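Here the structure of chain S is known, so what remains is to put chain U in place on it, guided by the hints.
Single-letter residue listing:
There are 2 protein chains.
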Amino acid sequence: MSDIHDLTRKLQRQSDSKIVLLVADGLGGLPIEPGGGTELETAKTPNMDALAKAGTLGLSTPVLPGISPGSGPGHLGLFGYDPLEYQIGRGVLEALGIDFELGPNDVAIRGNFCTLDDDGNITDRRAGRIGSDIAAKLCEKLDTIAIPGVEVFVRHVKEYRLVIVFRGEGLGGEVNDTDPQRIGVPPLEPVGADEPSQKTAEIAKQFLAQAGEILKDDRPANLLTMRGIDKMPAVPTYAEVYGLRAAAIAVYPMYRGLARLVSMDILDAGQTLDDQMDRLKASWNDYDFFFVHFKYTDSTGEDGNFPAKVQRTEELDAAIPRITELNPDVLIVTGDHSTPAKMKSHSWHPVPVLLSSDLCRPDRCQVFGESECIMGGLGQFPAKYLMGFAMAHAGRLEKFGA
Amino acid sequence: MSDIHDLTRKLQRQSDSKIVLLVADGLGGLPIEPGGGTELETAKTPNMDALAKAGTLGLSTPVLPGISPGSGPGHLGLFGYDPLEYQIGRGVLEALGIDFELGPNDVAIRGNFCTLDDDGNITDRRAGRIGSDIAAKLCEKLDTIAIPGVEVFVRHVKEYRLVIVFRGEGLGGEVNDTDPQRIGVPPLEPVGADEPSQKTAEIAKQFLAQAGEILKDDRPANLLTMRGIDKMPAVPTYAEVYGLRAAAIAVYPMYRGLARLVSMDILDAGQTLDDQMDRLKASWNDYDFFFVHFKYTDSTGEDGNFPAKVQRTEELDAAIPRITELNPDVLIVTGDHSTPAKMKSHSWHPVPVLLSSDLCRPDRCQVFGESECIMGGLGQFPAKYLMGFAMAHAGRLEKFGA
Numbered sequence: 015m016s017d018i019h020d021l022t023r024k025l026q027r028q029s030d031s032k033i034v035l036l037v038a039d040g041l042g043g044l045p046i047e048p049g050g051g052t053e054l055e056t057a058k059t060p061n062m063d064a065l066a067k068a069g070t071l072g073l074s075t076p077v078l079p080g081i082s083p084g085s086g087p088g089h090l091g092l093f094g095y096d097p098l099e100y101q102i103g104r105g106v107l108e109a110l111g112i113d114f115e116l117g118p119n120d121v122a123i124r125g126n127f128c129t130l131d132d133d134g135n136i137t138d139r140r141a142g143r144i145g146s147d148i149a150a151k152l153c154e155k156l157d158t159i160a161i162p163g164v165e166v167f168v169r170h171v172k173e174y175r176l177v178i179v180f181r182g183e184g185l186g187g188e189v190n191d192t193d194p195q196r197i198g199v200p201p202l203e204p205v206g207a208d209e210p211s212q213k214t215a216e217i218a219k220q221f222l223a224q225a226g227e228i229l230k231d232d233r234p235a236n237l238l239t240m241r242g243i244d245k246m247p248a249v250p251t252y253a254e255v256y257g258l259r260a261a262a263i264a265v266y267p268m269y270r271g272l273a274r275l276v277s278m279d280i281l282d283a284g285q286t287l288d289d290q291m292d293r294l295k296a297s298w299n300d301y302d303f304f305f306v307h308f309k310y311t312d313s314t315g316e317d318g319n320f321p322a323k324v325q326r327t328e329e330l331d332a333a334i335p336r337i338t339e340l341n342p343d344v345l346i347v348t349g350d351h352s353t354p355a356k357m358k359s360h361s362w363h364p365v366p367v368l369l370s371s372d373l374c375r376p377d378r379c380q381v382f383g384e385s386e387c388i389m390g391g392l393g394q395f396p397a398k399y400l401m402g403f404a405m406a407h408a409g410r411l412e413k414f415g416a
Numbered sequence: 015m016s017d018i019h020d021l022t023r024k025l026q027r028q029s030d031s032k033i034v035l036l037v038a039d040g041l042g043g044l045p046i047e048p049g050g051g052t053e054l055e056t057a058k059t060p061n062m063d064a065l066a067k068a069g070t071l072g073l074s075t076p077v078l079p080g081i082s083p084g085s086g087p088g089h090l091g092l093f094g095y096d097p098l099e100y101q102i103g104r105g106v107l108e109a110l111g112i113d114f115e116l117g118p119n120d121v122a123i124r125g126n127f128c129t130l131d132d133d134g135n136i137t138d139r140r141a142g143r144i145g146s147d148i149a150a151k152l153c154e155k156l157d158t159i160a161i162p163g164v165e166v167f168v169r170h171v172k173e174y175r176l177v178i179v180f181r182g183e184g185l186g187g188e189v190n191d192t193d194p195q196r197i198g199v200p201p202l203e204p205v206g207a208d209e210p211s212q213k214t215a216e217i218a219k220q221f222l223a224q225a226g227e228i229l230k231d232d233r234p235a236n237l238l239t240m241r242g243i244d245k246m247p248a249v250p251t252y253a254e255v256y257g258l259r260a261a262a263i264a265v266y267p268m269y270r271g272l273a274r275l276v277s278m279d280i281l282d283a284g285q286t287l288d289d290q291m292d293r294l295k296a297s298w299n300d301y302d303f304f305f306v307h308f309k310y311t312d313s314t315g316e317d318g319n320f321p322a323k324v325q326r327t328e329e330l331d332a333a334i335p336r337i338t339e340l341n342p343d344v345l346i347v348t349g350d351h352s353t354p355a356k357m358k359s360h361s362w363h364p365v366p367v368l369l370s371s372d373l374c375r376p377d378r379c380q381v382f383g384e385s386e387c388i389m390g391g392l393g394q395f396p397a398k399y400l401m402g403f404a405m406a407h408a409g410r411l412e413k414f415g416a
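Those protein sequence lines, which keep their order, are chains S and U.
Here the working numbering is used: the first residue of the first sequence is 15, the next is one more, and so on.
Here the working numbering is used: the first residue of the second sequence is 15, the next is one more, and so on.
This is chain S alone, in the form it adopts within the complex (with noise of 0.2 Å):
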């Protein structure tokens, strides 16, 4: 089947031109009251409205209408690439959350540790919800435990948490969860759906018997389950696909994870959006595409908290002339889906997309907001359509055909 990368591969172009695609995690919203604005709506965003009065706006569905995206697929549509055909396992999420650099033959799974009684039945699926400091020393003891053929990593993540990755040629991703969802009966076997994952699920067999014997005076730590057993989908390169050299520069883990996924170059992000922006001005010469991600805009979205969204979009405005002044021949201002603070939660309404360019047809749009976004000139369109537009107004794509 013919998809846009099959395109983007045969069409890109070289070009000194520069893109910077800025994202708000969860940018849309919902007004709190009828007849009120969004957070974005709400927010005063001078600079994002010039931009608007100037470029072109609209609105993008990540997944498709209805489906509210968790942030793998959100970000995957923004980066252009359909986030049906690439799904990510929970593991492998888990495993980018920590920072964790997973290669192409790597199993990752989440852990939970959790209580057996003496007949080997599971009492707490949570280990008593055992706090960060023992459960990080209990990682490190898990850590040591070797088996033959493969490389195993075992790393703490958060309280009963932790992530545990197989790397080894060969293994499959198909392996069921060990962890049975109730407790007084014992762990599920791990059993693979195929040959190569049945040689991952002997490895589990083998890690979670050491484990027993590592952790056997550790109660109410004295072993764990494994859910989420998954490999990395094997996602082209945005080299490949789009001849770009892309950056990102995000404060938290997961999304460098994500950017590594597309092997972008992760760069040291600080920890604040000023610390970004120096980064990116730092970095201006090196690179093709920046991906700059902000995440407060969802983090309030999920406390709930309308007028914590609306500052941290008023925060993000007030940095846009640092993005502009170093003259992006793309600007892309948008979110990987929405996070209505009436919501507390993802919600599949459509992203706010702003984009900013020369090459811009203009609508009829004044401002940045949800309202305004639906007469825009990028209409309603699938969120993996987005880099296309980001290349055309970039110039880094030939015509098709003659």
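It cannot be assumed that every hint is accurate.
Any copy, or any two copies together, can satisfy a pair, since identical chains are not distinguished.
[Claimed, not checked] Under the rule of at most 30 Å between Cα atoms (straight-line distance), these lysine-lysine pairs were calculated in the DSSO-like manner:
#1 155 with 67
#2 58 with 309
#3 24 with 219
#4 309 with 32
#5 295 with 230
#6 155 with 32
#7 58 with 358
#8 67 with 356
#9 32 with 58
#10 309 with 413
#11 32 with 172
#12 32 with 151
#13 67 with 309
#14 67 with 219
#15 32 with 356
Hints were generated in silico from the structure; no laboratory data involved.
Nothing here was measured: the structure is a model prediction, and the numbers come from that model.
Frame of chain S, contents of chain U only:
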């Protein structure tokens, strides 16, 4: 390939929420005079306008741009099924239209009484358009036909038209029409395109031979031709795809049949819109999803009667408070296609959609009408995605991916 139903199957979440899909058949229209409004825009619809102001509007494309759908594809699209993937044969639609309860082992066939001369050539393809009273009696005689290994049903439809159903294991639906589409030649022999369909063709031959005997003295209706031979498409059920307990409240049999196709429960709708609203209220606690069908916006459009379509639209509007007083979580008012009185037929024009829910993102639309819908927040979208919007706004879908 992953489709929307793979997602809704996986992401569906149980909830107490209620969804009402109010379908005004053929709702979309056209102005009669340049500069005038459509039927919907001309009608006084204060109740729908109030919903439009608070809710979100849009336009749906039933099949593909430029394609005018029949009732079958129009409704399948609204129900969330791709009308190009699930095609309904004419025989099946005719059977549904007389409330015949088709099952998965049934082959349905449209029959036309015809006149044969002594040489066996057709002289009249509609048997002199014999009256319904005579034809109904002939159908009763034909209903006595017995063929080993299958059940045979013969039902009168109207005038010279009838439906034949063969019920049996392993019958195929790929059999040609026996109507030669001209006179002076004999009917065609039924031929099956594959082995199961050859079995059907053999049964059809036996049926036609017996019918010839039974009807030999009933000139001008001394035989019948067969058309639109087909089986029901295997359509996944609403319960499975959406996790919804769904019910249909439709006065006309064809729409009950279409609802039965996706395994909705069929409720007694009475004869009037008021009866339908009584039924809705009485069944409110028994179902999650209600499909309420209103025929007369289509039939007045087909008649080319603009004022009557306006009046019927106003009649529908007056019933809206009987729905809103039940406090549905999601109320959708739309059509299965457009039927402009100006054209006296179904048309391809996109269909106005009104979605009302507490989780609507407001747009700037103030009234429910075609021009206004162009600026609606749902945008223009394939009708098959409407159910995704419905499920999302009803809080019945989990997040996709982490």
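Against the structure, the hints come out as follows:
| no. | hint | result |
| --- | --- | --- |
| 1 | 155 with 67 | neither (58 Å within a copy, 61 Å between copies) |
| 2 | 58 with 309 | within (19 Å within a copy, 47 Å between copies) |
| 3 | 24 with 219 | between (46 Å within a copy, 29 Å between copies) |
| 4 | 309 with 32 | within (23 Å within a copy, 35 Å between copies) |
| 5 | 295 with 230 | neither (53 Å within a copy, 61 Å between copies) |
| 6 | 155 with 32 | neither (47 Å within a copy, 52 Å between copies) |
| 7 | 58 with 358 | within (22 Å within a copy, 38 Å between copies) |
| 8 | 67 with 356 | both (28 Å within a copy, 19 Å between copies) |
| 9 | 32 with 58 | within (27 Å within a copy, 38 Å between copies) |
| 10 | 309 with 413 | between (37 Å within a copy, 19 Å between copies) |
| 11 | 32 with 172 | neither (38 Å within a copy, 39 Å between copies) |
| 12 | 32 with 151 | neither (45 Å within a copy, 50 Å between copies) |
| 13 | 67 with 309 | within (25 Å within a copy, 33 Å between copies) |
| 14 | 67 with 219 | neither (60 Å within a copy, 59 Å between copies) |
| 15 | 32 with 356 | between (36 Å within a copy, 20 Å between copies) |
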